[in-house]
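Take a look at the letters that make up each chain.
4 protein chains.
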Amino acid sequence: MSTKPLAIIAGAGTGTGLSIARRFAQAYNVIILSRSSASIDPIVSAVEASGGAAYGIPTDVSSEASVKAAFKDIRTKYPGSPIAAAVFNAGSLNRAPFLEAKLEDWDRTLGTQARGAFLFSQATIPLLLASKDLQHPPTLIFTGATASVKASVNFSVFAAGKWATRALSQSLAKEFGPQGVHVSHAIIDGVIDVPKTEEYTFDAEDAKISPDAIADAYWHLHTQPRTAFTWELDIRPYVERW
Amino acid sequence: MSTKPLAIIAGAGTGTGLSIARRFAQAYNVIILSRSSASIDPIVSAVEASGGAAYGIPTDVSSEASVKAAFKDIRTKYPGSPIAAAVFNAGSLNRAPFLEAKLEDWDRTLGTQARGAFLFSQATIPLLLASKDLQHPPTLIFTGATASVKASVNFSVFAAGKWATRALSQSLAKEFGPQGVHVSHAIIDGVIDVPKTEEYTFDAEDAKISPDAIADAYWHLHTQPRTAFTWELDIRPYVERW
Amino acid sequence: MSTKPLAIIAGAGTGTGLSIARRFAQAYNVIILSRSSASIDPIVSAVEASGGAAYGIPTDVSSEASVKAAFKDIRTKYPGSPIAAAVFNAGSLNRAPFLEAKLEDWDRTLGTQARGAFLFSQATIPLLLASKDLQHPPTLIFTGATASVKASVNFSVFAAGKWATRALSQSLAKEFGPQGVHVSHAIIDGVIDVPKTEEYTFDAEDAKISPDAIADAYWHLHTQPRTAFTWELDIRPYVERW
Amino acid sequence: MSTKPLAIIAGAGTGTGLSIARRFAQAYNVIILSRSSASIDPIVSAVEASGGAAYGIPTDVSSEASVKAAFKDIRTKYPGSPIAAAVFNAGSLNRAPFLEAKLEDWDRTLGTQARGAFLFSQATIPLLLASKDLQHPPTLIFTGATASVKASVNFSVFAAGKWATRALSQSLAKEFGPQGVHVSHAIIDGVIDVPKTEEYTFDAEDAKISPDAIADAYWHLHTQPRTAFTWELDIRPYVERW
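Protein chains in written order, with this note's numbering: chain A, 378 to 619; chain B, 378 to 619; chain C, 378 to 619; chain D, 378 to 619.
With the rest of the complex left out, here is chain A:
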């Protein structure tokens, strides 16, 4: 039985999730909650290749039953391990003229982002509150996007989900900060340099956000002492127009 602290990462299907997993695995056992084994396996391999330990659980974060099952699995596999960090990184991009959006787009997009963030927070906050003897304050980080603060044309549904999650994170920061849990929200404003954005090309070098740099920022947030909690920061490439 390991009592090394855990870091739980939801929505680790993208390169960002992988970088976060690898970064937090330098200190913790990492749990990956992602929709499919296909997205989990490469992350587990990458974490192990860099000397860490990761355990993946296929999870639909928008489903209460699926989230409950995942956390039961975590408790079984790591009984007694404190939870040092939880990262909600799940997303479901939706981009469409408003009148072409369907109710099922709304339900799926807000299901993953907003409802999923709610379910993940309900599952992790009690564990973060109960975790003792950690080196850094227990931390819950939400990954936001440009659409978390700006609702542009064609992003009506996506922005609704992202703003809901940002609101949730702010309320949780205010409620659980005084109890020692650090809740943060990161606005990732730009294209992330991951395999699925390969087709986006820019004239300037380094015009896509390095997912490792995001992971470093998250790690910095995690290491902040309770006298100096950051709720929100933005991250964008130097050439981004905003």
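There's no promise every hint is true.
No copy labels: a pair is met if it fits in one copy or bridges any two.
[Stated by the list, open to error] With a cut-off of at most 20 Å between alpha-carbon atoms, the simulated SDA-like pairs for lysine to any residue come out as follows:
1. Lys509 x Pro602
2. Lys445 x Glu481
3. Lys454 x Pro435
4. Lys445 x Glu477
5. Lys381 x Gln512
6. Lys445 x Leu506
7. Lys573 x Ala415
Read the hints as simulated data drawn from the structure, not as lab findings.
Let chain A serve as the given structure and place chains B, C and D on it in line with the hints.
Positioned in the frame of chain A, the structure of chains B, C and D alone reads:
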């Protein structure tokens, strides 16, 4: 068959809805979408008492079928009438420590506010776009709250729904403004002076927002020409601390 | 001696000032504070042509002595008249790459906008507080711009002045609202349709903001009862991208 | 002649400045610009005690001549040294009911904060742009406060200066980011644990912000690669109400 333009008001169970209905009934036939006949009847009576015409349709704005049925009813009763204004005033207050909130609270709160706002927008925007020969630009107004811009402790769920709706309204303003539809969002920051807030008392006079004053502000928004659209304004009593 | 209430408008050199003057002159005697007689005279004529009364005082709002002299002049000419409204509409556009901006640009731009707003507020608030028997709450309105909420490239100096003025207006709204003075800030986000913007042309009709529509919005703000004060609203043409 | 990079810190009279100096002195020669030798000497001693090197120049940041002299002094003392980081930490608190504020309070407060930030930026940005072969992107950080985003009662003047500086920082971030200079703004929202706040006491432990934690955050900002620049973050104690 009347071709007097229509104003459609969703969520007219409160005093605000009644004031808005009465104000817009000075120029338009008013349609009231509200959960129950019990909330509709007093509004219809009040509108008629002040010389206007109102027609109520019991509607669950969070239900696609119910919204579709309501708009079919409107088309049958008022064939050919242009839609001059639509007001989304529905809400479902939720106030609780985060760990006491249930998933059903989340679903109900975001169902009414956020999903309901989506369904209402999908139903009204095509009608607003198609309306011709109106005196003022066709207008869609969303009623927001303090929690639309601030996510305080105990308001995690409520704020999530309100921020989602505000995001929706901003994206719609940007998308449909150029097509001549005026989309607005009003942040109502304070206690409204309606029967159900009777128990809230203040030392100062006039410390609650007059619902008639809200209705006047909505009417002003509606009368703005397309050269000068306001997306957002805040409304609060002079003694409110913010 | 007239005891008709006064509306004092600072920075009335533009078409907006003229429209505001004409609108408020329907109810009040209007005082115009502007840098030169050349900018005052056409406004006085326009107000008189529409049946109102206006009195202009050449004033440098960034100068304490000039502002004091102007208010002494007002008191002499209109002894005992209450002040119903004051509008700070002065501005000094500055647009330049940061390293080309000179300290004198900074001083002039912040002098007019920010320091001028301070001096104008210090002069008008005591008068607004002392005004009795008005039909509407005494009102102080500041004209903002896109740069009041967004600091874009080439607008470093201009935005600094505009953000400073917006901060001032928010603090004043919070301090003097409870004493019955309505303080507002309007974000004018777009090109205003005035003589000096003639060279800006757009494909769409009505793509510039009508100054009369701005004046109508200011009048609406002024007529809000104290139970429902708006601090801030934005105004932009329907085709504006934001 | 040392070509070790320099970090220039303006406004180092408080404990925050000392912590920032000590942190950046781990990598750079530190220059302290502060009003008086009395505030400079303890910082130089503290930096030297922890093994770094600091050089202080008494400077009035609100004076063009004083700032120019300081930078001439820097060039003379450290010819050829690249500038790795510049931190604008100067402030001049003003707290008073609006009608008790004097014009000289306005001029002094905005002189230090806003005009000083302008002068410091004009002096440092050309040097940051010209600096080569640095390990991290050249960085310009502004220290903000609660009043940078909220203009409360009694903070009209202080907030005006802080909002102006925040605007400046945003415009500079947008203009110079694409040229490789990282411009950031930190909202310090709470009481900092420095000698002059000793009289503020709280029931909770760790209720004041550790200046060393602020310095760590600034150092993290400085080390961000250009693919992932943060413009703004907030820092507050876990028990702070916001």
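Verification of the hints:
no. : hint            : result
1   : Lys509 x Pro602 : within (15 Å within a copy, 34 Å between copies)
2   : Lys445 x Glu481 : between (24 Å within a copy, 15 Å between copies)
3   : Lys454 x Pro435 : within (15 Å within a copy, 51 Å between copies)
4   : Lys445 x Glu477 : between (34 Å within a copy, 17 Å between copies)
5   : Lys381 x Gln512 : within (11 Å within a copy, 34 Å between copies)
6   : Lys445 x Leu506 : within (18 Å within a copy, 45 Å between copies)
7   : Lys573 x Ala415 : within (15 Å within a copy, 53 Å between copies)
No hint from the list above goes unmet by this structure.
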